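A.B. asks: Below, each chain spelled out in residue letters.
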Amino acid sequence: MINSFKADWRKLRQRPAVWVLGGIMLTALLLFGYVIPWLQLAFPSANFHPDPGTTLQQMKAALYPINFLKNSLTGVGIIGGILTLILGALVAGGEFNWGTIKTVYTQRPGRLQTLAGQVGVVSVIAAIFAVAFYLVAATASLIIALSDGSAITWPAVIDVFKALGATWLIFESWSLFGIALAYLFRQSAMAIGIGLAYVLAIEGILFRLLSGFNAGWLTTVEKFFLGQNANALIQSFGHTVARGAATAPLISAGQAVTVLALYAIVFAAIASLVVRTRDVT
Amino acid sequence: MANGNVITTHGLTKRYGSSITAVDALDLEVHRGEVFGFLGPNGAGKTTTLRMLLGLIRPTAGSAVVAEHRPGDPKGLRRIGSLVESPAFYPYLSGRENLKIMSDYAGVSHTRVDAALEEVDLADRAKDRFGTYSMGMKQRLAVAAALIKDPEVMILDEPTNGLDPQGVVEMRALIRRLGSGNRTVMLSSHLLNEVQQISDRVAIIRKGKLVAQGTVQELRGESAIVVRVTPVDAARRQLDRMLGAAAVTAVDGTLRLSVDPNKAADINEALVGAGIKVSELRAVERTLEEVFLTLTGEAA
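Protein chains in written order, with this note's numbering: chain R, 1 to 281; chain Z, 1 to 300.
There may be inaccurate statements among the hints.
To be verified - To give a feel for the contact side, a few chain R residues facing chain Z, derived at Cβ under 7 Å:
no., residue
1, 10
2, 44
3, 104
What the hints assert, rightly or not - Which stretches of chain Z does chain R cover? Using the computed rule of at least three CB atoms under 8 Å from a CB of chain R, they are:
no., stretch
4, 53-65
5, 71-83
6, 87-94
7, 259-268
Just so you know, these hints were derived from the structure itself, not from any lab. Here the structure is a predicted model, which is why all the values come from computation and not from measurement. Glycine residues also receive a C-beta, built at the ideal position from the N, C-alpha and C atoms.
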């Protein structure tokens, strides 16, 4: 497995697509998490009004270092989830697209060792993305606070580690979803297409439409979906700006962590099963 | 490998669904140190067989042993170098980086990479991206990837595919080098002339079934000399005395002599010395292509 890990690390650290995805994630975080909100607040237009129940100063404070974890976590669920799903699909699907899977399988390692190496490297890349994510968020929040002349206060170190762990788990479960899809469909394009369709159509549109029916069974079903649990874990860190009375969360942080970890295990098991049993044609 | 076979298959079979039998009860034996040609028309089941030997696909029935292990066993794969169909590497990486990755997978030192690149004459282009390589260079890189393990067995599937004539000549020379010494090379190809020149033994399959297996000489059959002489009766008596009656056969006004073609000059001298006029004397040897076309039913 160590040999497979070394090979995959050498391969993926030089693969442009990996770092392009990371770049898109960080650019999206900077633009939508800091630059555009700061421009809106620093140079408010005549039509600009703070959210109901909040002040302009409260909204600005959301961009300061004390809130950098909560502020950036909102981007982890959707953008981060989609990008790491694409990462997983590209990593596993690329081997089929280029035909390199047969070259690799005939070198030496067993099929499961090859998969384990691949999953290991994707996990490391997910961790690198998570660390980079918060480094960029912390730097941006620091620059904004300094430019506003605000006092610099950071969140507790334990909260930083909790956020890093939660982010890594979310990235990991989505990337393993992408890997499982790529092995099932033996290509990256179909895996990405179906993955995105799932995220947008099932987790996004369908649940939003069905929530209008206010059906109890739907709420129960929702608790076991990947995206809903990722969002629940993110929301467990709280909001940067309090909006109205707090309501009990649908899914607890503990349950979200359990369900996400189970998803990661199930996706890895699906990929293992496919890898073990399928012919390489 | 106590029996001297590096590759053995017994009843190896691959079916797809209930109607397609790609490989049908194949029994093969590849001896240690030989270059073994594996021939068959397109769709005969050559690539499917080689994929089964490498563990890429699982047989429906039968068994195979390659380098003392079942196909796909990492211990066996460590001793096998292979090129299956078209060479496949990471296009965004250089040839050298690709080989380093393959040596990581194989669990061998990177120090072998440069030697392998030298062996296939790719050292000059080792820094260039694989995506920029010509077909011949890609094939040679695939051979280099197989060589970094210093394998006992090499399984090469159509290694001359897509190569220009110069590339074919270079690949043939490379395979000859690879097959020298104790290394065993199993080579599938449809270029019969190539196989005839470099193989010690060959197997021919058709529609998934083995139709012949043996040395090239065995498959081509005995070579002979054909003479056109006058008078035929006197010549026949002379040749019966010289070669034995069993070696002389009359065919369409000529005499077919089952002897080594190197004896042509002696035979000519004897006939002329006996006052017999020799208007034609030629060696007759079936080519592997003729044997192949006959056995696979593709002769015109």
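A.B. asks: If a hint holds in the structure, say so; if it does not, say that too.
C.D. replies: Going through the hints against the structure:
Checking residue 10(R) against chain Z: minimum C-beta separation of about 5 Å stays under 7 Å; hint holds. Interface hint at residue 44(R): violated, since its Cβ lies 46 Å from the closest Cβ of chain Z, which is beyond the 7 Å cut-off. With its C-beta approaching chain Z no nearer than about 6 Å, residue 104(R) sits inside the 7 Å limit, and its interface hint holds. Note: the stretch 53-65 of chain Z has 5 residues with beta-carbon separation from chain R under 8 Å; the three-residue rule is met and the coverage holds.
Under a criterion of three residues with beta carbons nearer than 8 Å to beta carbons of chain R, the stated coverage of the stretch 71-83 of chain Z is upheld, 6 such residues being counted. With a threshold of 8 Å between beta carbons, the proposed coverage of the stretch 87-94 of chain Z by chain R holds, since 7 of its residues qualify and at least three are required. Taking a C-beta to C-beta cut-off of 8 Å, the stretch 259-268 of chain Z contributes 0 residues in contact with chain R, too few for the three needed, and the coverage statement is violated.
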